[in-house]
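S.K.: Whenever a hint applies, use it, and build me the whole structure from the sequences.
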Amino acid sequence: MIWWKHNISFRSAQIDTLTIWLLRGGAGIAAALVLLILLFLAVESWPALRHISPERFLTDPSWNPGEGMYNLAPMVSGTLYAAGGALLLATPLGIISALFIAYYASPRSGVIYQRLVELLAGIPSVVYGFWGLITLVPLINQLHPPGASLLAGILILALMILPTIALTAHAALLAVPGEYLRGAAALGLSRWGMIRGVALPTAKTGIVAGIMLAAGRAIGETMAVLMVAGNVVQHATSLFDPVRTLTANIALEMAYAMNDHRAALFVSGLTLMLLVITLSGVAEWLVRNRHA
Amino acid sequence: MRTLSATQYVMFAAALLLGFGWSQPSHTASQKLILTGASTIAPLAGELARRFESFHPGTRVDVQTGGSARGINDARKGTADIGMVSRALKPEEKDLHAYTIALDGVGIILHASNRIDSLSKPQVIGIYTGQIVNWKAIGGRDATITVVNKAEGRSTLELFLNYLKLKNSDIKPHAIIGDNSQGIKTVAGNPNAIGYVSIGTAEYEIRHGTPIKLLPLDGIAASVGNVRNGIFPLSRPLNLVTRGVSKGLARDFIEFARSEYVHDLVEAQYFIPVSAD
Amino acid sequence: MPETSVKSAHACRDRLAELVVYFVAFLVCAAFVWITGDLVRGGMAHLSWDFFVDSPRNAGRAGGIGSILVSTALILLVALMVALPLGWTVAALLAEYMPASGSFGYTVRHSLQVLAGVPSIIFGLFGNAFFSIYLGMGFSILSGGLTLACMLLPILVSTAEAGLHAVPDAYRQSAAALGMSRTATLVHLLLPVAAPALAAGLLLGIGRAMAETAALLFTSGYVDRMPGSLLDSGRTLAIHIFDLSMNVPGGDAPAHASALVLIIVLLLINMVAMRLTTGWQHRKITS
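Protein chains in written order, with my numbering: chain A, 1 to 292; chain B, 1001 to 1277; chain C, 2001 to 2287.
To be clear, the hints were calculated from the coordinates, so they are not data collected in a lab. Backbone N, C-alpha and C define an ideal beta-carbon position, used for all residues, glycine too. Wrong hints could be hidden among the right ones.
Some residues of chain C that are not near chain A, with every Cβ distance over 10 Å (derived) [claimed, not checked]:
hint, residue
1, 2051
2, 2052
3, 2057
4, 2063
5, 2186
6, 2229
7, 2275
Calculated pairs, DMTMM-like style, for lysine to aspartate or glutamate (alpha carbon to alpha carbon, straight line, at most 20 Å) [to be verified]:
hint, chain 1, residue 1, chain 2, residue 2
8, B, 1172, A, 67
9, B, 1165, A, 67
10, B, 1172, A, 60
11, B, 1077, A, 260
12, B, 1167, A, 55
M.R.: Here it is in structure tokens:
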């Protein structure tokens, strides 16, 4: 700081108050953003909510905006099946990966594997969708047409959320106090016994928080499912049926939806946002309360 | 690493604002045209735009797809200067003016390796409503049929439904696609798929080596010649629509699109050029 | 004897667990190799100097990605110019000026957390309704950049806040002892020291922005020509990959190549960010 020509210590107290107000203003904008988003979603959904009663969104015969039918249920089920299936697949794989890095791998291979998982986390969803389209879908097509299906969606989503679960679980495992592990070793527990009996229970909160994060990501994923899941509006009766998720629905139809159709899409967007907010709220409550 | 000092940041912000200001003039109506609408017309419109820009330096024509319904809506609201609509206007759309720039047809496509060479109308209806599920029921190989349908708002869908006298809720699709080219790509990638797209787009792709083939409808071959003769059952005009009579740059573009300067472009996309009247 | 049988049962279970763990790790590595292998094999041949400089022709089947790279850079620029000052401002506020339990700080933190979880397509809807239609920007780079700025805010804030927290209190106390105002401490002392963390956060934000597709579909549009101004529509690399793979028959080869380019750029960004983070953590431990 000696190289500054002028006095940098800003002796005036006014500068400090000015700064505080500037910072508060900036933070206010950031906080207001969420409200702004909710506001605009609500405003744009209003035309539909005005003359389509809420239960019609679940009980209309189908989703056919051209004929005035706005049943969102098949797409909600599509989202839940795809996200649920992906979570079922990715959670054990992710946790086991974290165990690998933390307890089983040699330090060097652990670091390499961790970098690998971080790289997997960095691959854009579009690239996953592209790979799914050119490799996975034809593969499934040979098994059971048409290929673009719920199974493809689940596999790609699982690939995408696995790094999230693995990395957060790993961070949670690292936070297990060393004394616990040393105590377990002193008691003569085997490695798996120590993991199952000591490490995992202690890290449970962090792991569950990671799973909730991954769930939010899976529900909100658009591009990859749009490209590989087939986009047919129906309740899936088998893994090989094509489905359409809420997010893919918005992406597919937004470009040319008008009036009520467009408002109905905003309604589905609002639902999605509320779902994700609830999920993150639950995760946060879990993290806070477990410390009791 | 030093963070930006206040003066440097102010200079940066000023540069950004200047850039923003510089960008304003090019948004005035006399120099920029926005076209939105049918994905069938979009490639042709893109080529027309390129040639138009080379004849009229300083202009910029942007083309976006979104379906014919969007073209109508955007033209009406003024979001776009010109709407692209791949069908004739309906009675309730008479507040818009339509200018036909080409003729096209809608044909059924199969993968090139499919043994079937023609389908009767009842067979097509059976396939699309899910009553016929396997190619071998109509003489093809033993494989499940993958039905490809277009998303709502596309005029190709409306024309197809009209021809089969079906509603969209009757159709049991296995895959839903948006643009014509997406439909072609889906069928080209799946030997057991069936779909329907614009004939011009399909012909273009076939000439460029994509493994699909067009089926005749009602016994009439789906060729450009038959659409030109008017005997193909599913032909349609490709229209540019404007709110009110077109004026200014929009009118220049539309006249350009209907002139003889661009007949080669229209034919290169395998549409049929119309003579301006 | 019961002890040895229990012990051998445990040893068996341990063996099994070990096998499962190694198998899963192998599976994940295999998936990674498969994906990157496919991309490299499909895209390597298509890469060339012309590919980086030319504009796409024939809907992207021929030509290159030059204009697309320009559009991507412009959208990134707009997003960062808006998100950086805002984000670092909020981070400075949260780290330095807010007590941990105050309600304003809590609200800000909480809403940023919500923002971080909002799906990208919702940002696309919001951007379309607010920037493109309400503010009248239409399909433009400006609209897309502003939408991205909203998405980047949480990442920038959290990384910058962590970086500022990591600066030891001794710095702040010495500055106070010297009589420096809090603003001066922040601007001339804390921010430069936390700079590597801020830079790492910046790079992570860039990485996230480049991977983004859904938020830009309805805000910056699809046009693949060289943009003439910020109000022109332009497509990013991610959208180009999307369009080529879904809509363009015969577009697989350039899609492979574009995906390869995108991944390599993201890889470089991640590596640099990682270097900066470890360097900064190293400094924190040793200072």
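S.K.: All the hints need checking, so say for each whether the structure fits it.
M.R.: A quick look at each hint next to the structure:
no.: 1; hint: 2051; verdict: holds (17 Å)
no.: 2; hint: 2052; verdict: holds (18 Å)
no.: 3; hint: 2057; verdict: holds (21 Å)
no.: 4; hint: 2063; verdict: holds (19 Å)
no.: 5; hint: 2186; verdict: violated (7 Å)
no.: 6; hint: 2229; verdict: holds (23 Å)
no.: 7; hint: 2275; verdict: holds (12 Å)
no.: 8; hint: B:1172 with A:67; verdict: holds (16 Å)
no.: 9; hint: B:1165 with A:67; verdict: holds (15 Å)
no.: 10; hint: B:1172 with A:60; verdict: holds (18 Å)
no.: 11; hint: B:1077 with A:260; verdict: holds (16 Å)
no.: 12; hint: B:1167 with A:55; verdict: violated (24 Å)
In summary, the structure is inconsistent with hints 5, 12 from the numbered list given earlier, while agreeing with the others.
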